[in-house]
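Chains as they are written, first to last, in this note's numbering: chain F, 1 to 111; chain B, 1 to 116.
There may be inaccurate statements among the hints.
[To be verified] A few chain F residues facing chain B, derived, Cβ under 7 Å:
#, residue
1, Gly-43
2, Leu-44
3, Ser-46
4, Leu-49
5, Lys-68
6, Tyr-76
7, Ala-86
8, Met-98
9, Gly-102
10, Gly-104
11, Met-108
12, Pro-111
Hints listed in this document are in silico derivations from the structure and should not be mistaken for laboratory results.
Every residue, glycine too, gets a C-beta built ideally from N, C-alpha and C.
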Amino acid sequence: KQEVTQIPAALSVPEGENLVLNCSFTDSAIYNLQWFRQDPGKGLTSLLLIQSSQREQTSGRLNASLDKSSGRSTLYIAASQPGDSATYLCAVGDAGNMLTFGGGTRLMVKP
Amino acid sequence: ETGVTQSPTHLIKTRGQQVTLRCSSQSGHNTVSWYQQALGQGPQFIFQYYREEENGRGNFPPRFSGLQFPNYSSELNVNALELDDSALYLCASSLGLAGVSLDTQYFGPGTRLTVL
Chain F
1 KQEVTQIPAA LSVPEGENLV LNCSFTDSAI YNLQWFRQDP GKGLTSLLLI QSSQREQTSG
61 RLNASLDKSS GRSTLYIAAS QPGDSATYLC AVGDAGNMLT FGGGTRLMVK P
Chain B
1 ETGVTQSPTH LIKTRGQQVT LRCSSQSGHN TVSWYQQALG QGPQFIFQYY REEENGRGNF
61 PPRFSGLQFP NYSSELNVNA LELDDSALYL CASSLGLAGV SLDTQYFGPG TRLTVL
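Please work from the sequences and hints to get the whole structure.
Right, dumping it as structure tokens:
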């Protein structure tokens, strides 16, 4: 059974810092890994999708890496802003793109 | 905006009742998935429908059931509600392409269900 873990569970940083969120998964037989953002009480917004054959994806200030063999992914956020405050979720997709999620990292960026 | 809508936004029920939650997917999206998110946790996969047929199910009992319609709408039905069913219920739609590793899922805003 696939299990996804995210560390840390919560993070508070001052504005402007670069930061790294971690995600690990137990079964390396994944088809993709996705990072989502969730604002309080809201749905999920897709940030980045990394196919299993890829090593990383970039979008603006976000960079996500994938090391499938070691079961790890990181989300790097450059020059953090207060608007980045949210919960960040990683999820791994199987052959049917059914997602297994981690518990999330709650990020607060202080002005 | 993802183009995926859900109704109602909030719902309060009592134990033992039945509830139907609705989702409207993006036009052309043949796949819809439903997830349950308890407070402070990540979403858990309930089931997935592709072209009106269930094609995958997570670790949820049979009292959780669903339907998908040709007009890209879908329903999640929960019978015999329990207190632990209180959660945010999310639906997500995707194209359902071959080579699914590229198939981004678009999530709706969710329905907050409270069971008293």
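Hints and how they fare:
With 7 Å as the threshold, the beta carbon of Gly-43/F comes within range of chain B, its nearest partner Cβ sitting at about 4 Å, so the hint holds. Because the smallest distance between the Cβ of Leu-44/F and any Cβ of chain B comes to about 4 Å, under 7 Å, the interface hint for this residue holds. For Ser-46/F, the interface hint holds, since its Cβ comes within 7 Å of a Cβ in chain B; the closest pair sits about 5 Å apart. Hint status for Leu-49/F: holds, given a least beta-carbon distance of 6 Å to chain B, under 7 Å.
With a cut of 7 Å, the hint placing Lys-68/F at the interface with chain B is violated, because the nearest CB-to-CB distance is about 12 Å. Because the closest C-beta pair between Tyr-76/F and chain B is about 20 Å apart, greater than 7 Å, the hint is violated. Interface restraint check: Ala-86/F against chain B, minimum CB-CB distance 14 Å, threshold 7 Å, status violated. With its C-beta approaching chain B no nearer than about 5 Å, Met-98/F sits inside the 7 Å limit, and its interface hint holds.
The criterion of a C-beta within 7 Å of any C-beta in chain B is met by Gly-102/F, whose closest approach is roughly 5 Å, and the hint holds. About 5 Å separates the beta-carbon of Gly-104/F from the nearest beta-carbon of chain B, less than 7 Å, and the hint is met. A distance limit of 7 Å between C-beta atoms decides the matter here; for Met-108/F the minimum to chain B is near 15 Å, and the interface restraint is violated. A distance limit of 7 Å between C-beta atoms decides the matter here; for Pro-111/F the minimum to chain B is near 25 Å, and the interface restraint is violated.
Hint check: violations occur at hints 5, 6, 7, 11 and 12; the rest are consistent with the structure.
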